[in-house]
Structures are given as C-alpha cells and as structure tokens.
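Residue numbers (the working numbering), protein chains in the order written: chain A, 1 to 134; chain B, 1 to 134; chain C, 1 to 134.
A hint or two may mislead.
Just so you know, same-sequence chains aren't split out, so a pair can sit in one copy or run between any two.
Straight line, CA to CA, 35 Å or less: simulated DSBU-like cross-link-like pairs of lysine-lysine [stated by the list, open to error]:
#1 Lys106 x Lys24
#2 Lys24 x Lys38
#3 Lys106 x Lys38
Hints listed in this document are in silico derivations from the structure and should not be mistaken for laboratory results.
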Amino acid sequence: MPHLTILYTPDIEPLADMPGLCSKLAATMQTVRDEAGKAVFPTGGIRVLAYPAAHHAVADGSGPYGFCYFNLRMGRGRSAATHQAAGQALTDCASLHLAPLLAAQKVGLTFQVDEGPEVFDARFGNLHPLFAAP
Amino acid sequence: MPHLTILYTPDIEPLADMPGLCSKLAATMQTVRDEAGKAVFPTGGIRVLAYPAAHHAVADGSGPYGFCYFNLRMGRGRSAATHQAAGQALTDCASLHLAPLLAAQKVGLTFQVDEGPEVFDARFGNLHPLFAAP
Amino acid sequence: MPHLTILYTPDIEPLADMPGLCSKLAATMQTVRDEAGKAVFPTGGIRVLAYPAAHHAVADGSGPYGFCYFNLRMGRGRSAATHQAAGQALTDCASLHLAPLLAAQKVGLTFQVDEGPEVFDARFGNLHPLFAAP
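Next comes chain A alone, as it looks inside the complex (with noise of 0.2 Å):
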C-alpha cells in the first residue's frame, strides 16, 4: 500500500500519455503529507497501474464517449483531512495532466479514495527495505 489502479477506455490513450500520468501519480504521492507534515504514503509502497479495457460501454452508448477511473486503496487509520489531502494533490495533477485529453474529447474522470476491508496484510518482497528510513 497504497495501491493506485487506473481503468480507462483505450481511446483515451493518445491524447491521456499514461507512462507519463503513472510518473507523476507516483511523484505526488510522496509529497502528500498529513496533519503533522509527515509523509503518509511510504516510498517503497508506491505502486500505479493502468489497465485500457478490452471492451466497454459509457453513458448511453450514443457517442465516442471514454472513461478514466483512478482508484487509491490506502492503509486504515488515516484522518478525514488526510484522505482529502492525497485525494486532492492526487485529483489535480491527474486534472492539470489530462487538460488536453479533455479539450479534445468527452471523458468521465472519477477519482476515489478506499480504505480497504483487508482482513490478512503480508508483504514479502524486497522493495520496502531499499526505501526504510535509516
């Protein structure tokens, strides 16, 4: 955690350069910070995904109509205020990143923030401890 999983319609991809939203998700997610002015999101955990649908329908169907959908699955115990926060940073630089996507063509944008039911949480790899604090 936190996990950012990116659904989009595949005609969205010319104009939307994902690699290049996934970068900069990932950048403004270490910069989020909570009440105290400490990181809430730890580097090594960082992860964005995007997935173009092989099919998909949007709205009524009556025109080329696209979709993107971000949703951030982050660990339980955050504040109301922290959960805006990152959702905010998160919102408007995917908004600022997607400006020419939008002047050119219909697209649903939704951005939700989950804290997620997990009821069993293991990591075990060997990415968290290149970023551990010293």
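Use these hints to put chains B and C onto chain A, whose structure you have.
For chains B and C alone, coordinates are given in the frame of chain A:
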C-alpha cells in the same frame, strides 16, 4: 459511479460477444428504477469495462473451465430493494446474453453488487454535464 | 467466490511463471481448512486471474522495480484464524514459487485478503454443480 467491471477468462471470448454484452448491460442500467420509480443510475455515470485475464486457473484445473465475474460498484445509501432490483436486472441480462455460451462450455458466472468504501470521491471530467437533467 | 486477482508489472513475467503460479495458488486454495478441519473454499468456486499492467510506476521510479499484488476476496463470516490460515498458506505458496524472481530482481509483493462488501450476490453459471458434494 455506477461502474460495472467484468473480469473473465479469454476462452469464453468467441461465444460471449463481450462488446454486445457491455452494451446490453449499460442499456439495462439505464432502466433500473427504485421503489419510487426514479432512475437509480445517472446516465452520465454509467461505465462498463471488460478485462480478459492474461493467465488463470479455475476450480481444480481438471477441465477447460471458464469464468466470468461481474462487479457493480454503486454509490452508498440505496435500499436493499434497490440493490436487489439492480442486481437481478443485470444478472437476467447477462444470463440471457450468455445462454449460447452456457450451452457449449462449462463456465462459472458470478454477479456481485458492492457499495464502495470510498473516503474521497471526485468527478472531474466533462461527460456528466452532457446528461444532466435540464 | 473465492476470487484471487493478481495485478503485476510485466517486467516480472519472464521469471515469475504466471501460469504455474496461478495453478499452484488454486491448488493451495483447495487445501485450506478451518478450525474444524473443513475445507474453506468450495472447489467449484475457486478462480485465480492474473493481469499485467499496461503502464505502471513503482516507488520513486528510480530503478527497474517490479510489483505483484495478490488480492483474495472471500465470502463473509469466516473467523480471524481462518483468514490468517488462508492468507498464510497462499503467501507461502507464492513466496516459494517466486524465490527465483526475488533472487534476481527488486520486486514489491503484497498479499491481502478481503471480505467483500457485497449487497447482492448471484451465481448463475454451470460450473458449481460439477463440484457439488454428493
């Protein structure tokens, strides 16, 4: 919202007509009504996205078993009767559409409706205004 | 249910043997028992689905970091001990299988078990009856 995500094994692709299924499910979402006769899903918020798995294993792996999982995530606060009406209408739609597939292959089909656990929710595209009530 | 969804960065594909991992995880799911020694997961309900991301960013983007996220969604109402047993058995399976990958690359691995928030749940395929208890 509402978002209907379909995860499936690619072996069902030839008989499932996924583009047609996505369109029919989106059209069905437009028809769902609550107890007061009001449309449950705003047209501008309807999205159906389908993803074939790159790799999979189903049941005990002993046969050529397929799988299709439907997950509808909708806004919170609807009644149990509305959940049931939405789920049943969409399951009926999928069941009818997939009858030729079921007649030919062994396929697990599951439809679930979730109320999301979101703690932040933003819409920042240009699609909703097209379908806003006058 | 149970559904195990795997989201991963495609750079791990050569060493991860994803088809083999899916099969082993499905086989492991068949072996999980609750406190009374009863199988936790009905064989006919087992599904493992793996999806490589089309685009991604991991950690601070400074290195060729990979990522593999396992999410098991299971039915509600199981004990904490059962959640722990299921999560641990599947994490152990994945850890053993991915040892060659971890020896060669920097990869974040996370396994989470969720109890789903479903408000509607329907099975309408023809797979479960094949595995029903006599």
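* Ascending list of hint numbers which this structure does not respect -> none
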